[in-house]
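Enquirer: Sequence:
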Amino acid sequence: MRYRIVLACLLMVFAGPAAAQSALTIDARTVIVESPNAPGPVKKAADDLASDMAKVFGARPQIVPASSGPAIEIASPAGGSSESFAIAARGNHVVLSGADVRGTIFAIYTFAQDYLGVDPMYYWNDSQPPKKTSITIPAGLSRNFPSPLFKYRGVFTNDEDQLTGWAPGEQSDHSGISRQVEDKIFETILRLKGNMIVPGTWTFSSDPQMKWAGERGLILNQHHAIPLGMNVARWPANV
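Sequential numbering from 722 applies to the sequence shown in this note's numbering.
Read the hints as simulated data drawn from the structure, not as lab findings. Possibly wrong hints are sitting among the right ones.
Stated by the list, open to error - DMTMM-like, lysine to aspartate or glutamate: derived pairs with alpha carbons at most 25 angstroms apart:
1. K872 with D847
2. K776 with E794
3. K932 with E908
4. K914 with D847
Full structure from sequences and hints, please.
Expert: Have a look at this one:
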């Protein structure tokens with residue numbers, strides 16, 4: 722028995738370097754694997770991930786349909802508990818998967834936050850992730866995230882006139898939040914694992930931000946002054 726214990730200990734010692742070598746290395750050469758048929762909101766999140774990797778590694782990765790080399794793979798929504806997701810190492814791929822579209826998006830942004838060091842509020846607090854040459858992912862990584870406790874979680878952009886015409890590089894006529902800033906609001910909600918937005922105080926269902934929010938995969942909601950989507954404050958003249 723004594724010899725078996727000694728042998729087992731020796732095997733564990735010698736297995737250490739091999740296990741370390743089998744860990745995944747993510748760097749500037751790592752590609753993002755995404756299906757060309759991925760839902761539009763997932764593609765937008767993948768683009769954000771590519772931008773995040775460019776901030777960390779100094780080069781924007783390619784987004785490709787397949788790769789046999791090291792990659793961050795964005796899996797197709799697989800069904801299951803609403804908005805649940807997982808991050809796992811499989812071979813030389815880090816697989817980001819979700820039960821549905823938003824679950825997949827949450828997997829992408831959680832990877833960016835937990836492994837790349839990207840602050841979900843980076844746009845609003847001018848935070849930049851630390852630059853690195855590479856990061857190491859444990860070979861046995863397997864993390865599962867359940868459905869959120871609250872079904873609806875989001876933001877009401879009240880007093881939105883305070884968000885018009887102020888962002889650097891923004892293209893705006895100062896009559897409303899520009900598309901660039903709206904998109905950053907949507908992105909931030911999703912990075913914080915939100916799923917819902919009331920996209921303005923006095924909005925009509927035909928206003929463009931309604932479509933933009935949908936393109937990000939967010940649920941549209943309303944507040945007390947626009948019941949059933951009807952804008953009672955901007956009621957048409959003579960009606």
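Enquirer: The structure should be examined with respect to each hint, and the outcome stated for every one.
Expert: Against the structure, the hints:
no.: 1; hint: K872 with D847; verdict: violated, 30 angstroms
no.: 2; hint: K776 with E794; verdict: holds, 19 angstroms
no.: 3; hint: K932 with E908; verdict: holds, 15 angstroms
no.: 4; hint: K914 with D847; verdict: holds, 20 angstroms
Hint 1 from the list above is the single one not met by this structure.
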